[in-house]
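With the hints as your guide, set chain B onto chain A.
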Amino acid sequence: MSYCVNCGVKLAASEEKCPLCNTVVINPNETGQDKKEGAYSPRFEDYSVRKINVKYLVQIILSIIGIGVLVQTLCDFLISFSISWSLYAIGAFGLLVCFVLPVLVKIKSPYIATMIDLVAIALYIYMIALMTDGELWYYEFYLPLHLLSSIYVWCMVIFLRKKRRNYFRAGGASLLFVCLLLILVELLLDVFIVGKVYLIWSLCCAPLLLAIAVLLLIIAARPKLREEMSRRLYMNY
Amino acid sequence: MHSKNTKHLEWLKPDNTANFCTMVTTKKFAHIFRLSVELEEEVDPIILDEALQVVLKRIPSFALKLRYGLFWNYMEMAKDKPKVEEDVRNPMVRGNWKLNKHFLFRVRYFNKRISLEVFHALADGTGGMIFLMTLVAEYLRRKHGYEIEESRWILHPDEEPKPEEYEDSYSKVARKQNFKRKSPKAYQAKGTLEEEGYLNIVTGHMPVAAVKTKAKEYDCTVTAFLTAVLMDVFQDVQEREKKRKIRQMPIVINVPVDLRKFYPSKTVSNFFANINIGLDRALGHYSFGEIIEQVKHGMALNITEKRLNNLIAGNIASYQLKVYKVIPMFIKKPFVILGNYMGGEIKSTCTMSNLGNVILPPEMSKYIKGVQAVAGKNFGRVTSCMGVSYQDTMSVSFTRKIKEAEIERLFYTKLVEMGIPVEIESNQKKE
Chain A
1 MSYCVNCGVK
11 LAASEEKCPL
21 CNTVVINPNE
31 TGQDKKEGAY
41 SPRFEDYSVR
51 KINVKYLVQI
61 ILSIIGIGVL
71 VQTLCDFLIS
81 FSISWSLYAI
91 GAFGLLVCFV
101 LPVLVKIKSP
111 YIATMIDLVA
121 IALYIYMIAL
131 MTDGELWYYE
141 FYLPLHLLSS
151 IYVWCMVIFL
161 RKKRRNYFRA
171 GGASLLFVCL
181 LLILVELLLD
191 VFIVGKVYLI
201 WSLCCAPLLL
211 AIAVLLLIIA
221 ARPKLREEMS
231 RRLYMNY
Chain B
1 MHSKNTKHLE
11 WLKPDNTANF
21 CTMVTTKKFA
31 HIFRLSVELE
41 EEVDPIILDE
51 ALQVVLKRIP
61 SFALKLRYGL
71 FWNYMEMAKD
81 KPKVEEDVRN
91 PMVRGNWKLN
101 KHFLFRVRYF
111 NKRISLEVFH
121 ALADGTGGMI
131 FLMTLVAEYL
141 RRKHGYEIEE
151 SRWILHPDEE
161 PKPEEYEDSY
171 SKVARKQNFK
181 RKSPKAYQAK
191 GTLEEEGYLN
201 IVTGHMPVAA
211 VKTKAKEYDC
221 TVTAFLTAVL
231 MDVFQDVQER
241 EKKRKIRQMP
251 IVINVPVDLR
261 KFYPSKTVSN
271 FFANINIGLD
281 RALGHYSFGE
291 IIEQVKHGMA
301 LNITEKRLNN
311 LIAGNIASYQ
321 LKVYKVIPMF
331 IKKPFVILGN
341 YMGGEIKSTC
351 TMSNLGNVIL
361 PPEMSKYIKG
371 VQAVAGKNFG
381 RVTSCMGVSY
391 QDTMSVSFTR
401 KIKEAEIERL
411 FYTKLVEMGI
421 PVEIESNQKK
431 E
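Top line first, the protein sequences correspond to chains A and B. In this text, residue positions in the first sequence follow the working numbering: the first is 1, and each later residue adds one. In this text, residue positions in the second sequence follow the working numbering: the first is 1, and each later residue adds one.
Be aware that one or more of the hints could be misleading.
Unchecked claim - Capping the alpha-carbon separation at 30 Å, the derived lysine-lysine pairs in DSBU-like fashion look like this:
id, chain 1, residue 1, chain 2, residue 2
1, A, Lys163, B, Lys28
2, A, Lys17, B, Lys430
3, B, Lys101, A, Lys55
4, A, Lys17, B, Lys429
5, A, Lys162, B, Lys403
6, B, Lys347, A, Lys10
7, B, Lys245, A, Lys55
8, B, Lys245, A, Lys224
9, A, Lys10, B, Lys366
10, B, Lys98, A, Lys55
11, B, Lys79, B, Lys212
12, A, Lys224, B, Lys212
13, A, Lys17, B, Lys369
14, A, Lys162, B, Lys190
15, B, Lys414, A, Lys17
16, B, Lys101, B, Lys79
17, B, Lys429, A, Lys163
18, B, Lys212, A, Lys10
19, B, Lys83, B, Lys182
20, B, Lys369, B, Lys83
21, B, Lys261, B, Lys214
22, B, Lys296, B, Lys306
23, A, Lys17, B, Lys401
24, B, Lys79, A, Lys10
25, B, Lys101, B, Lys27
26, A, Lys224, B, Lys403
27, A, Lys163, B, Lys261
28, B, Lys28, B, Lys429
29, B, Lys243, B, Lys13
30, A, Lys163, B, Lys322
31, A, Lys10, B, Lys245
To be verified - Stretch-level coverage of chain B by chain A, calculated; a stretch enters the list once three of its residues show a Cβ under 8 Å from a Cβ in chain A:
id, segment
32, 81 to 93
33, 202 to 214
34, 332 to 338
FYI, nobody ran anything at the bench for these hints, they're computed from the structure. Keep in mind it's a predicted model, so treat the numbers as computed, not measured. Beta carbons are placed, not taken as given, at the ideal position from N, Cα and C, and that holds for glycine.
Next up, chain B with everything else stripped away, as it sits in the complex:
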């Protein structure tokens, strides 16, 4: 699994996000997300496996295995090869990496679909999508002789990997943290926990044009529009709560921002920052127009280079404390898990991650029917949302660890009421 440029990549110090993800991972919980591509024809697993071995040489950061040190976790280059697996109805639940030969991703296939499940320590949504699309391109080259064209989402498998593709971009761009904002505990929906080993996934497919038209009507971006709809949903659910104290808790939507748009980074690893967009519910009920304004201005205020850099710097600073470095893992891990829960999980209501529009070369597009992105489960929050657009369809998926589907129901029905047709598919159990 070595090539000329990666001979020194025997092991890698995890970046900021990887550090965090490996620290809060337990045998039953890991930050995993899933990206899928639906082809026009049945997937050939043998060719897919061959393609995977080629792509792992091109993007070697995915061939890293997680190793546990006394003071730090680190990533080590794998000497064996991962195999493609048949897909399952309950994806993203096997977070125990020992059962995955310590590889931090899985490639799965079923009928016409190729899916990639990635541990967030390896890559963010953009990085994962680059890996998946490069894999699909290599698969199509082997199957149909497709001439691979390099693009934003595809790396040419014949080229040598470049060090900047697996660099830690956070440390490269981070300056000094100048201010820290304290945020209150946010409202979180409750429900009956789903049985262990199963996550409910509901995906809604909708025409991109219809969503864009609606967003344009409110003079905002697609992400801001979807975030506002989600906030409106949580406002409806929150208003049913019996206690006034809970009804007045702020609704905070966590929106990951791709930092590659702000810095010239080519990394396939993690490079994003989370911003929180809040709605102060103590001030009363908000109309949808008011929510849109809140989200729009919240995003405009927070998505600036300076604010984002401050966020990254803050995250890095906490891991660079000297005291933190000398404490053994088994002592600091419970504190990091608790810190993540108290400082992060309880301070946001839900995540709304939009990967944006995946544009592929026309020659490749004719083999691909659709693209989907599904967020993994959270440690505390019951649901999370992830969206991606491809050609004229946008897919918005909800992952839920409770039985009740009220949030998704309200979200999709609100879109239908606004005139956006939604088609639903899910992994619900057959009786």
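Next up, chain A with everything else stripped away, as it sits in the complex:
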């Protein structure tokens, strides 16, 4: 039987350290054999609510959707003796498979998983463009936007992979991206529809977003300012 040198309480023989102050029990007169099992079983109960096998769930959902796609493709073929409108559904199903691919096949790298998703989206939109004779809008309007969005998504993946995340920096960067995206959308629309560049509405929104983005980036760069803000914000610091 030992006493905690720090708290002065007597400790049960099963206690390896004082449960009150974590001081390790060192009693030269006691051998390891004296240690008793204690009042509580060593067994831990996993009380958690039933865990879902995500892979199996995804397989079930994909099978149900797959059957639906198959039936409607068959209908399409029986009505028009060709595969026409059902291609949209087949493409969407392929896109869905690409999205859930990391669950079905073990893809450890989030960069590869993201790349597969981005390429799949671009291909699906290209398929729609081909089916609607819209290759022009695809190359001139959609593809630049897709490339810019892809860069942003990649940056966000890099951010989420970081152990110490600076949400102010991420917020600031996101607003900058939205700012650029707005300008690019108007620019591309002008070039695609009118043929000339008249930046109006995007320039109305962009300065506001830019101001907030700069503010967030300043806060992100100054840890002392962030600390002061959280101290004032949280009542229980």
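What follows is chain B alone, placed relative to chain A:
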């Protein structure tokens, strides 16, 4: 699971406390407490299981399962039987009753210990202890041929259950609520939350005589003395706070009072009322003697039949509102949870529940080494305290959902400094 007197107990309307407990229960949180008996020998799980089936026929209110209605929850008599389980190191965390076949209690065993984990909707500490002791008596009868003697804590398993044992005593004694007191937000300790699925339990065993002598020295009861020590601990912790506003918040200890002492009730279900004993910290630092006086007078003022009845009446009145009855469960439940948090949880610092002295017949006592009571976790408050005495030992347990053990450390070291020897045991994780 039916007997002559319980044929009509197919289902039961929850009493006031049961109503409240079932309403604020979520998948991750339930009001559970744990009572344990340490025998002189290893527990035989087969005999324990047989004893449990017998005792469930004697105390059928424990064989009720929780069912969820559209407007109300209700209790339904179980058709299947619960099994005894091996004990775990992280008890009282499985609050999802679906995983317990909807039974609202568990009987667990480990080495020499038999433990009962009860959902507060079924019974209070006294009711739970009656069930556990009746179970242990039946176990000992089967194992050693012990002749069961009925007492305050034991019901004879051979007798038929009586309706007054599972009656709703609250509605029977409650009069009209005459006044309602508004209480301010109380001080609450903070800390780093423990990982999910684990509650820290620390139990301190101390000689009853030493505690009684100390309480006598301050001319107060054992409960008042322990409450005062706990208040003193919270005062020390509060004084370390940086903000003046937090340092001046009142310290309020919630003390459950067994109403069976005031009314001739034989119920094994819930029958208690919570009183709040406060310390106005805006007035400055209190010496231990001053805290004792505050607690003593606070208890004397609040633990009277009239005050307690007013409390029960108030609790019942809120559930008897007609508007409340017609609102579907899924709508009113979030509001009740919020109401409980805003109106109850944040208005007290900690709970100090003392079950009192468990006196058993001498023939039974020779098989029993110790008795323990552990309070469950609270929705908001980080720690709660529960005590029970048996023979010459008093066990005071703390349940904590944060990593830091500062409150218990100060509590037990204060007792040691006062000359009360404390022996500690816990469920701390082995590395």
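Hints and how they fare:
| no. | hint | result |
| --- | --- | --- |
| 1 | A/Lys163 <-> B/Lys28 | 28 Å, holds |
| 2 | A/Lys17 <-> B/Lys430 | 9 Å, holds |
| 3 | B/Lys101 <-> A/Lys55 | 28 Å, holds |
| 4 | A/Lys17 <-> B/Lys429 | 10 Å, holds |
| 5 | A/Lys162 <-> B/Lys403 | 27 Å, holds |
| 6 | B/Lys347 <-> A/Lys10 | 34 Å, violated |
| 7 | B/Lys245 <-> A/Lys55 | 52 Å, violated |
| 8 | B/Lys245 <-> A/Lys224 | 25 Å, holds |
| 9 | A/Lys10 <-> B/Lys366 | 25 Å, holds |
| 10 | B/Lys98 <-> A/Lys55 | 25 Å, holds |
| 11 | B/Lys79 <-> B/Lys212 | 47 Å, violated |
| 12 | A/Lys224 <-> B/Lys212 | 54 Å, violated |
| 13 | A/Lys17 <-> B/Lys369 | 25 Å, holds |
| 14 | A/Lys162 <-> B/Lys190 | 29 Å, holds |
| 15 | B/Lys414 <-> A/Lys17 | 20 Å, holds |
| 16 | B/Lys101 <-> B/Lys79 | 11 Å, holds |
| 17 | B/Lys429 <-> A/Lys163 | 27 Å, holds |
| 18 | B/Lys212 <-> A/Lys10 | 20 Å, holds |
| 19 | B/Lys83 <-> B/Lys182 | 45 Å, violated |
| 20 | B/Lys369 <-> B/Lys83 | 25 Å, holds |
| 21 | B/Lys261 <-> B/Lys214 | 25 Å, holds |
| 22 | B/Lys296 <-> B/Lys306 | 18 Å, holds |
| 23 | A/Lys17 <-> B/Lys401 | 19 Å, holds |
| 24 | B/Lys79 <-> A/Lys10 | 47 Å, violated |
| 25 | B/Lys101 <-> B/Lys27 | 14 Å, holds |
| 26 | A/Lys224 <-> B/Lys403 | 28 Å, holds |
| 27 | A/Lys163 <-> B/Lys261 | 58 Å, violated |
| 28 | B/Lys28 <-> B/Lys429 | 21 Å, holds |
| 29 | B/Lys243 <-> B/Lys13 | 47 Å, violated |
| 30 | A/Lys163 <-> B/Lys322 | 53 Å, violated |
| 31 | A/Lys10 <-> B/Lys245 | 38 Å, violated |
| 32 | 81 to 93 | holds (count 7) |
| 33 | 202 to 214 | holds (count 3) |
| 34 | 332 to 338 | violated (count 0) |
In summary, the structure is inconsistent with hints 6, 7, 11, 12, 19, 24, 27, 29, 30, 31 and 34 from the numbered list given earlier, while agreeing with the others.
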